[in-house]
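Peer 1: Chain order of the listed sequences is H and C. Taking full-length UniProt numbering, the leading residue of the first sequence gets 1, the next gets one more, and so forth. Taking full-length UniProt numbering, the leading residue of the second sequence gets 1, the next gets one more, and so forth.
A couple of the hints might just be wrong.
Cross-link-like lysine-lysine pairs, in silico, BS3-like; alpha carbons within 27 angstroms at most [unchecked claim]:
| no. | chain 1 | residue 1 | chain 2 | residue 2 |
| --- | --- | --- | --- | --- |
| 1 | H | Lys3 | C | Lys85 |
| 2 | C | Lys28 | H | Lys24 |
| 3 | H | Lys3 | C | Lys92 |
| 4 | C | Lys28 | C | Lys92 |
| 5 | C | Lys57 | H | Lys57 |
| 6 | H | Lys57 | H | Lys24 |
| 7 | C | Lys24 | H | Lys84 |
| 8 | H | Lys57 | H | Lys84 |
| 9 | C | Lys28 | H | Lys3 |
| 10 | H | Lys28 | C | Lys84 |
| 11 | H | Lys11 | C | Lys24 |
| 12 | C | Lys11 | H | Lys24 |
| 13 | C | Lys15 | H | Lys28 |
| 14 | C | Lys85 | H | Lys85 |
Derived CB-CB ranges, DEER-like [said to hold, decoys possible]:
| no. | chain 1 | residue 1 | chain 2 | residue 2 | range |
| --- | --- | --- | --- | --- | --- |
| 15 | C | Thr13 | H | Lys15 | 44 to 52 angstroms |
| 16 | H | Tyr45 | C | Pro40 | 38 to 46 angstroms |
| 17 | C | Asn4 | H | Asn66 | 22 to 30 angstroms |
Source of the hints: derived by calculation from the structure; they are not laboratory data. Please read all numbers here as calculations on a predicted model, not as lab measurements. Think of the CB as a built atom: it goes at the ideal place given N, C-alpha and C, for glycine as much as any other residue.
Number of protein chains: 2
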Amino acid sequence: MTKNIFENSPKPTDKEFFEELFSKEGVKIERIVSYGHTTPELEWYDQRRDEWVIVLKGEAVISFLNEDDVRLQAGDYINIPAHKKHRVSWTKPEEETVWLAVHC
Amino acid sequence: MTKNIFENSPKPTDKEFFEELFSKEGVKIERIVSYGHTTPELEWYDQRRDEWVIVLKGEAVISFLNEDDVRLQAGDYINIPAHKKHRVSWTKPEEETVWLAVHC
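Excised from the complex, chain H in its bound form (with noise of 0.2 angstroms):
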């Protein structure tokens, strides 16, 4: 009936891990885990949705077009507002960053 974000955690691989937890109607909660994953150099996420995010463990930091960057560790959270440009540019590269994320 439970379920626990930190295990179950899939094997480093080339790509980072999605996992939806829960949607309804306009809302989707997933999971993220990287692995020292980046968002490719020169792309941008431009999301249609807001994406309020926390990083659960590990540590990251996000980029903004024409921006300091956010630097995210344990407990950290953020939202990021639809059609605002972003990138993952760093995440922790010796562990896995768990971000908890709610598009909405």
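We have chain H; now place chain C onto it with these hints.
Peer 2: Relative to chain H, chain C alone:
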């Protein structure tokens, strides 16, 4: 620009702490901090929206009407469908329990 869900917790009081972190058209993301708090005896939550909830620190037990209790430790998450009667029957008394809830 970022905040940390484990920081700036209120001092323990006789009331549970609720803080809205983000909200938008039918979605509310909330931080809850419990210090041994429970739902008053014989009271049941009967909510009009689903509540997807994860314990990020501490430990808790949720009781459901006519069902087994569910114990949640750090990282454990569960979805409580709208109108499913439930109560928080126990939270760890010696330390804070930090919950992240998405109501949608």
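Peer 1: Determine for every hint whether it applies to the structure shown.
Peer 2: Hint check results:
1. H:Lys3 <-> C:Lys85: Measuring from Cα to Cα gives roughly 20 angstroms; hence the hint holds.
2. C:Lys28 <-> H:Lys24: holds, 13 angstroms
3. H:Lys3 <-> C:Lys92: Cα-Cα ~19 angstroms, so holds.
4. C:Lys28 <-> C:Lys92: Answer holds: C:Lys28 to C:Lys92 is near 25 angstroms, not above 27 angstroms.
5. C:Lys57 <-> H:Lys57: Since the Cα atoms of C:Lys57 and H:Lys57 sit roughly 12 angstroms apart, the hinted pair holds (cutoff 27 angstroms).
6. H:Lys57 <-> H:Lys24: holds, 26 angstroms
7. C:Lys24 <-> H:Lys84: Since the Cα atoms of C:Lys24 and H:Lys84 sit roughly 17 angstroms apart, the hinted pair holds (cutoff 27 angstroms).
8. H:Lys57 <-> H:Lys84: Holds: H:Lys57 and H:Lys84 sit about 24 angstroms apart, inside 27 angstroms.
9. C:Lys28 <-> H:Lys3: holds, 22 angstroms
10. H:Lys28 <-> C:Lys84: holds, 21 angstroms
11. H:Lys11 <-> C:Lys24: Status violated; Cα separation ~35 angstroms.
12. C:Lys11 <-> H:Lys24: With Cα atoms ~35 angstroms apart, C:Lys11 and H:Lys24 exceed 27 angstroms; violated.
13. C:Lys15 <-> H:Lys28: violated, 31 angstroms
14. C:Lys85 <-> H:Lys85: violated, 41 angstroms
15. C:Thr13 <-> H:Lys15: 44 to 52 angstroms: holds, 46 angstroms
16. H:Tyr45 <-> C:Pro40: 38 to 46 angstroms: Holds, at about 44 angstroms.
17. C:Asn4 <-> H:Asn66: 22 to 30 angstroms: Given about 25 angstroms between the Cβ atoms, the range holds.
Against the hints set out earlier in the document, violations occur for numbers 11, 12, 13, 14.
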